[in-house]
Structure formats: C-alpha cells, structure tokens
Amino acid sequence: MENTTDVHKGALSPVSTPFLHVCLIRRKLTLTLTPVCRQEVGELDKKAMLRGPLGASQQLELLSACEDLHSALEGAFYVQECVFEDLGVKQSLFQDVEALVGSDVILSSSTSCLVPSAVFSRVQTPSRCLVAHPVNPPYLVKLVELVPHPQTSAAVMDAAQALMNQVGQVPVRLSRELDGFALNRIQMAVIAESWRLVQEGVISVKDVDLVMSEGLGMRYAFIGPMETMHLNAPQGLGDYMQRYGPGIQRVLSSFGPTPDFSGDQAQDIVKEMNRLIPQEQLSAHIERRDQLLSLLSQIKKDH
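Going left to right, the sequence shown walks through residues 525 to 827 as the working numbering numbers them.
Don't read these hints as lab results, they were simulated from the structure.
It should be emphasised that the depicted structure is a prediction, and the values quoted were computed from it without experimental measurement.
C-beta atoms are modelled at their ideal positions from N, C-alpha and C, and glycine is treated no differently.
In silico SDA-like cross-links for lysine to any residue, where the CA-CA straight-line distance does not exceed 25 Å:
#1 K825 <-> D569
#2 K824 <-> E567
#3 K825 <-> I747
#4 K730 <-> R812
#5 K571 <-> I747
#6 K795 <-> I810
#7 K825 <-> G748
#8 K795 <-> I727
#9 K730 <-> P802
#10 K666 <-> G576
#11 K666 <-> G692
#12 K571 <-> Q582
#13 K571 <-> A808
#14 K825 <-> R697
#15 K824 <-> R812
#16 K824 <-> S737
#17 K825 <-> E738
What follows is a set of in silico ranges between Cβ atoms, one per label pair, in the way DEER data are often shown:
#18 S778 <-> E751: 23 to 33 Å
#19 P559 <-> E796: 30 to 40 Å
#20 R646 <-> R774: 43 to 53 Å
#21 G576 <-> M712: 27 to 37 Å
#22 Y768 <-> G566: 44 to 54 Å
#23 P749 <-> P559: 38 to 48 Å
#24 R562 <-> N660: 13 to 23 Å
#25 S636 <-> S728: 27 to 37 Å
#26 R700 <-> K571: 31 to 41 Å
When you get a sec, could you build the whole thing from the sequences and use the hints?
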C-alpha cells in the first residue's frame, strides 16, 4: 500500500496470543486490509495451516487499523515494524515509537538487510531492540531470524523467541549482528555461484534452477546442510569431513571473485530468465509458487 506504515503490536498471555496488525496510512485510512486478511486467513484455515493457539475468527477479530501511531501502540508490549527498506524511514519511525511506549516494550524490525545497530541508532534504549526477519511469503514460511543489537539484553531475545514460538513461527537466533544475517548470507552464496556458472557458460539458467529444485532443494526442504553431511557418511559429520573435506576445500579454492550482476553478460542472463518466464506470467508463477509452498508446508506439518 502506498504511503503506508505497518506496525504489529502484541500482548501475550498464557492462554492465548492476541496479536494486532495495525496499518497506518499517512493520507487516509484504508480498510482494504480486512477483506484481504479475511481471505488469506480463510484459505489457511481450510487447509488446517493456521498458526498459534487462536482460531480463524479469533485472529480476524484482532485485526484493526488506526489513523495515528499513538492509537496503534496503545497497550503494546512488542512492536514489529514492517515499513519498506529505507534506513532513514525506519530510524525516524523508531524514534517516534520509542517516545510513545513504555521502557519495557520490545522494539523489533522486519528488515532483511539492515543491521540492528543502524536501524536503532537513534533509539535511546537499544537494549530492548532486535531484528525479527521473516521469510517471504511469511504466511507459508515459518522461519524468523532473530538478530540482536550489540546492546540487546538476553531477556529481550528470550522473550522474542518465546513469542515467535507461541504464534507458530520457527525462530533461529544469531549471537551477533552481521551483514546479511544468516539466511541471506547462505542464499547469496548460492546466488553467486549459480550466477557465475551461468555467466561463464557452464550451465543454463533453466538447468541451474533444476540443480536446486530437483537436487539440493529436495533434501534441504527437510534437513539442512549440516544434517545432510552428517547423514551422508557412515560415522557422521566427522567421518564426512575426513572423507570429503579436502575435496570441498579444493573446489572452494576454485571459486572466483563476486560476480558482476550488471553489464551485458548480466543482461543476457536476465533475457534468458525472461524467455523462460515472461513478465506477463509472473503473477501466475507466484501463485504456483505459493501453492507448492502450501503443499510442502502441509507435508512438513504432518511429518
């Protein structure tokens, strides 16, 4: 939504987890949020994929929209900022939020690439601040990265982790901030080598995607790289590294510098991708992606 500031606020009890999504529009208030969310919640409810202890009607009752930040933050113990990736906007918003909430309210950002020390640089009490980075699409993917500010207290990290668990997310906890966090650092390593292999003519765009979707991704959907290695040698991870460690180091040493994602060669890759999936078909492929992720989520839920 254009000219929008999104803030989530939560209140936690042992029995249920009331969670309000507040949408602030600078020019005018829009209530289109409600039918959109009603449809999404309804679809998830049909598939028995709602998260947390509340039913569909209870969750929908907790959706609201406010015209001002003060109303949005009233009664909050946890604030989740969801504005676009603009550092200045986030910094200004948290300045305003901090002035309106109590000293014990946890302040969290959804940023995917800005480190907490930058996002919260204008906050007076950074000990209550962290990044809680969800993964797109968050209504189907459960992972949330919890990244502390250098001054974030352990109690705040514990509380954020407990909240994410209670509402049905799967939090992972980083011990310190670093550029890209964990998910994007791993993802960008895959992107870099995939791009390099295509750019150097080793493999096509279509086939490099098949390497993931029909190869690595099949097992990584259920077990991670560490467990994969642990299961791929008779005596586990130590045995795996004894057998394959030298080969891994040899291959890694052959990796080149970070690829160039601009210029004529990059445009050739973009054109090849657009031939495979023309821009007018993006919406259909996004819908298919979500359908497949929904099916995968159901399998993971049942197993």
